[in-house]
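S.K.: Given the coordinates of chain X, assemble chain F onto it according to the supplied hints.
Chain residues, written in single-letter form:
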Amino acid sequence: MNLLLFGVNHKTAALSLREKLASLIPDLGQTYQSLKAWPELSEVLLYTTCNRVELLGVTEEPEAADVRVRAFFAGHPEITAAALEESFYLRRDQEAVQHLFRVAASLDSMVVGEPQILGQMKAAYRAATEHGATGPILNRLLHKAFSVAKRVRYETGIGDHAVSVSYAAVTLSRKIFGELSGKNVLLLGAGEMAELALEHLRGQGVARITVANRTLSRGVRLAARFQGEAVSLEELEPQLLVADILISSTGADHYLLTRDQVKAVMRRRKQRPLFLIDIAVPRDLDPAINDLDNVYLYNIDDLEEVAEQGLQHRRQEAAKAERMVAAETLKFQDWLATLEAFPTIIALKDKAEAICQAELKKTLSQLGPVTPEQRQALEVLTSSITQKLLHHPIIYLKRNHHLKRPHRELNLVRRLFNLDPDDIDNNSEKN
Amino acid sequence: MAQLFLYLTLAGYFGATLLWLGFFVVQREGYCRWGARVMGGGLAAHTLALIQQTWSVGYLPVSTFGNTLLVFDWTLVAVFLLLNWRYPIKVLGALVAPLAALLVSGALILPQGQGTVSPLLQGFWVTVHISLTLMGYAALALAFLGGIFYLIQERQIKAKKFGFFYRRLPSLSQLDTLNYWCLSIGFPLLTGGIISGSLYAQHTMGRFWSWDPKEILTLLAWLIYAVLLHERLTVGWRGRRAAWLAICGFLVLVCTFVGASLWLTGYHSFGKFLQQP
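Taken in order, these protein sequences are the chains called X and F. Our numbering puts the first residue of the first sequence at 1, with every later residue one more than the last. Our numbering puts the first residue of the second sequence at 1, with every later residue one more than the last.
Calculated from the structure, these hints are not laboratory results. Just so you know, not all the hints are guaranteed correct.
[What the hints assert, rightly or not] Keeping only pairs whose Cα atoms sit at most 30 Å apart, straight-line, the calculated DSBU-like set for lysine-lysine is:
no.	chain 1	residue 1	chain 2	residue 2
1	F	214	X	270
2	X	263	F	158
3	X	349	X	361
Quick caveat, the model's predicted, so the values are computed rather than measured.
Chain X on its own, in the form it takes in the complex:
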């Protein structure tokens, strides 16, 4: 039994190739139908995200399965075999387990620690179970992957720090205001980053969004998108009295707000804290504003610095997470190994039982008539001898000491007890 994991991700393949590969799976139901029809794969799971296309399978014939899967992915007319060969990776057994755990724990993501990947994998797994494509091994593996991902999230600080400028603005707001519900946001100007930050803030449940733009029509459109209100730039000061967070991103070539203006506003606000985010270049807000009490001014450079620090922190935490993943991979490997030992253990027990029965029959025929008690005593005797004799070999097999080469160990036991009389020569050649 082998685990195989095929795929491409953002590190090995360009977006165009990932898109083409993903387009090979237009309909999951249909795809799983054809995948299940392959005799090489006993269990299979497909998952695609914007950064990866991967297929995980359980197989008894790894070589044949490899050929099949490559042929499947080369099925797209615009994909050349060479391009696929270059970016395709294949992980086996322990490496496959580790890879899966790393993906689920968001260690293999473009932005390490991003939380979406786990949800995407859970959805993919649910779809696979609905189509009956997974079995006992993948079920256990995926549940383990989800629990590892959860542990990584809770026990390391991998998701703690904002790593994008727009999200850094949100985490800072939360450190200043605590809960953001009930807070008012004022947006000056427009721009992609400002809108992204606004989107995040809205996700945190801010009360009211107001957009002030030089061209009112643009402001009205933007306000409509965020269910807010549009005002003109001339109303800036009165609006500042009610706002808590201001995001400024206009194209103005001079400061829209000076220190003295904000100082006057703060007095009228009774010093309620004000968080000013200036993502315009050149800057809209006078940097001296930050000297005022209860006013916090961050410009684009500051926010980028926060995001960079967050990224560094995540990298440090990722090292911890890697250790957890490695430990869990070994544990899973142990479980797989015991799984592999089961047929051998059963064969061993069967053989012992067969010998007992044969010898008992022979002995009983020689002894002549015996009472049922004597017969039972003989049966107990033979079975307890074989059980005691097999006790330690079975324990040994279950623990599977030889983790690196479990097959060799199993083969040794099989040969020692001659469990496969037909291919005894075969085995001796292989090893």
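M.R.: Relative to the frame of chain X, chain F by itself:
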């Protein structure tokens, strides 16, 4: 017997200290839940110790500096646990628990006073005066601790340098609310303590105010808090300024409590409290 309860209290507070500090460093919820429970256990032992002492001497044991520390410590922990239950700022425990443990140790190390207390200082109103004052101290001590956290956190956000504390400390608004909450409880209690004391002084000695060093310093602290509360309510002093004033006010209170008791003279000092046999 009281001694045994005190050692249990000490163990409880030290245990809680370890748990809260553990929570502060690794940020795991379980630690702070257990910190509160262990601290509650310590408080129970503390309560028993105080009851036992009160029972044996017949009045609230506040005749020596050590004993008064114990009573203050009890109110501090009680107010903190109350706060933690209604308005949890979990990291505060990381300061309150060690402080509580230190206060109990201090009380155990300080010499136990012997002698009888003047009947003048035994009445019901003296107990009211002392209880109100100590409860006020406890609430204002929490404002002081919250103020320290506020200044650390504010400094990081203003300077845009995020260190060890940034992630572990609560938001500025929570810390500022704590300041307000503690002030609005502590200030009336302190005021009540001063008024009940001066009424009692009028009743027994014929004068409301005798410019005893402790009285002067307390008046100074009271003025600081009065200014803070007034400015908070009218022009919205908050944040850094409120934190600094809460810290200054409490430092003056510490001077009145420790200084007036140990070094200064006057009828408030513990040396005068006991009549030498």
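S.K.: It remains to establish, for every hint, whether it holds in the given structure.
M.R.: Against the structure, the hints come out as follows:
With a CA separation close to 35 Å, the supplied pair residue 214 of chain F and residue 270 of chain X exceeds the 30 Å bound. Taking the CA atoms of residue 263 of chain X and residue 158 of chain F, the gap is about 16 Å. The hint holds against a cut of 30 Å. Annotation: proposed proximity of residue 349 of chain X to residue 361 of chain X holds, straight-line Cα distance about 18 Å (limit 30 Å).
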